[in-house]
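Sequences and hints are given; from them, build the entire structure.
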Amino acid sequence: MASARGTTIQDGVTFFGRVHKKGGILEDERWFAAALLSPTAVLLGLFIAYPFFEGIWLSLTNTRVGVPGEFVGLRNFEKVWNDSIFREAVWNTCWYTFVTTVIKLILGLWLAQLLNRNFKGKALVRAFVLLPFIIPTVLSTFAWKWMFDPTFSVLNWMLFHAGIITTRINWLGDPDLAFSAIIVVNVWRGLPFYAISLLAGLQTISPELQEAAAIDGANGWQRFRHITWPLLLPVTLVVTLFSVIQTFADFQLVYVLTGGGPANATHLFATYAYQIGIGTGLLSEGAAISLAIFPVLMAVVVLQLMYIRRVETR
Amino acid sequence: MIEGARWKRWVYFYIPLTVFVVVLLFPFYWMIITTIRPDGELYRPWNARNYNPFWTWHPTWEHVKLLLEETQFLTWLWNTMVIAFASTVISLICGVFAGYALSRLKFRWAGFLGTGIFVTYLVPQTLLFIPLADIIRNFRLGDTPWALILTYPTFLIPFCTWLMMGYFKSIPKELEECARIDGARRWQAMVYIILPVALPGIFSAGIFAFTLSWNEFIYALVFLSSSAEKTVSVGVVSELVRGDVFFWGALMAGALVGSIPVAIVYSFFVEHYVAGVTGSVKG
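So the sequences go chain by chain: S and B.
Heads up: the first sequence begins at 858 in the numbering used here, then just goes up one per residue.
Heads up: the second sequence begins at 157 in the numbering used here, then just goes up one per residue.
For the record, the hints were derived by calculation from the structure and aren't laboratory data.
What you are looking at is a predicted structure, and each value in this text was computed from that prediction instead of being measured.
Yeah, the Cβ is synthetic: ideal placement off N, Cα and C, and Gly gets one too.
Where hints are given, some of them may not hold.
Derived DSS-like pairs (lysine-lysine); straight-line CA-CA distance at most 30 Å [unchecked claim]: (1) B:K262 <-> B:K221; (2) B:K164 <-> S:K977; (3) B:K262 <-> B:K325; (4) S:K979 <-> B:K262; (5) S:K1002 <-> B:K164.
Chain B side only, calculated, beta carbon under 8 Å to chain S, not exhaustive [said to hold, decoys possible]: (6) W186; (7) L283; (8) T307.
Structure (structure tokens):
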């Protein structure tokens, strides 16, 4: 703190006996920092910390829309725990996150490798590849819903004309198919994020390393395994961390594509919380459901952060 | 610079890349073709004879017309734009300030606050929407654009702060010190010396924040109720689907037109956007 003072910035008037530097309170590093951080603190405090505690309180009461609630202890959590749809939603969410993350990672790595080469129209292809990620999810999911339409599905048309199917497939009407459809759309949407982030990581790896390994006789797989992968690991882990959180808390995609159906088979935490909390107006129970994401999410995040730290300090 | 025999290039490069690109872009093509296809062609069973779903010889504007004349689509578009813009500006101001403080000033709680902001970065909107809906109602912000303008920064600020911290760290400290020795005050050194240098980073953060807020759905769905206040995503979901009836032509027209503004912003600033995406990951 003392470094920049001294010569040119002269001491100001004393105030309450303390020496102030010229320019007032903002010249003090701590006060300046406090001033810069206060708008953020106010907004995040009001709309993240406060609702978080309000949510905990709500989940311990029996509040409904328009009906102020009373304290009921852990009854909501008990009820939710014994709810078979909730259990299925938990299972769905974990499975959905796991499967899509693995697929996105593998395909993303592959696509990043492809995009890392030099070819004509590279910039254009890169720009177009990101489109699924930037177009509002709700809107692009509608395009998918239309493609999965039971009667007018273009996918059925393609499969039929390719000779693969003879009767129509009701994509969103069957629980397993609907779940697969959700996975497909999530991969479609998230893949560009993986590809572009990993591509940025790839570009920091010096081509000389690859060349040296190639001269030493390493084949493509060996070069990937022993050079690209270890160097890319830190970026990969952070990308995965973000993607896991987003996928775990996914809402829009399922809301549009299946609404949690058929027969509540494709609910995730968020869609089920919405259905209970907003749909049927059982605010406290909905709050309990969406709060239940928190411990699971925390566990996943902490594990990943620990792993990231271990990789980085290695 | 693709080595190897010609067939190898095709098998390992051109074919997979083409498949990726076609699959990633097909839904957009499908949006476009559905938008301009007349209803008579649209609702033809998938196994009808002589039916080519990929092309139409009778393009029509009827869906776009329905969208513009019978729904409040333009209002939704305007709402979305205002909300995305305002929340981006708020988040940028907060994020740049906070990022500057956390990366360049020394004070006791710096590490703790940095972690705190990172943690909120990891809190998904779906965790808080129910209590937040209650709070928004208590603040009498329900069904106004302010409900979103003030809540979107909660997921934009952490991201902007994170990105800006990374950016500020890459600017040499001497730059500021010189200005300070020349007599500049702290805020002057920040505003006149550091911020101009950080402009590309601020820009990237802004572009990314804008697309994120354009994309947001669950808060808009829960906090807004009257048709005139809705954003594009919510309007399309709630007004172009009536019970079980989907107005597919108009829906796709809405999806298409609703995506165009982000697509334009994106296409002009691809590099900045990519820097935003990768910066958000690198920190």
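Here is what the structure says about each hint:
For the suggested pair K262 of chain B and K221 of chain B, the alpha carbons sit about 58 Å apart, so the restraint of at most 30 Å is broken. Distance restraint check for K164 of chain B and K977 of chain S: the Cα-Cα separation of roughly 18 Å lies within the 30 Å cut-off, and the hinted pair is therefore satisfied. Proximity of K262 of chain B to K325 of chain B is assessed by CA-CA distance (about 13 Å); at most 30 Å being required, the pair is judged to hold. With a CA separation close to 44 Å, the supplied pair K979 of chain S and K262 of chain B exceeds the 30 Å bound.
Distance hint between K1002 of chain S and K164 of chain B is unfulfilled; the C-alpha atoms sit about 37 Å from each other, more than 30 Å. Hint status for W186 of chain B: holds, given a least beta-carbon distance of 5 Å to chain S, under 8 Å. A distance limit of 8 Å between C-beta atoms decides the matter here; for L283 of chain B the minimum to chain S is near 6 Å, and the interface restraint holds. At about 5 Å, the closest approach between the beta carbon of T307 of chain B and any beta carbon in chain S falls short of 8 Å, and the interface hint on this residue holds.
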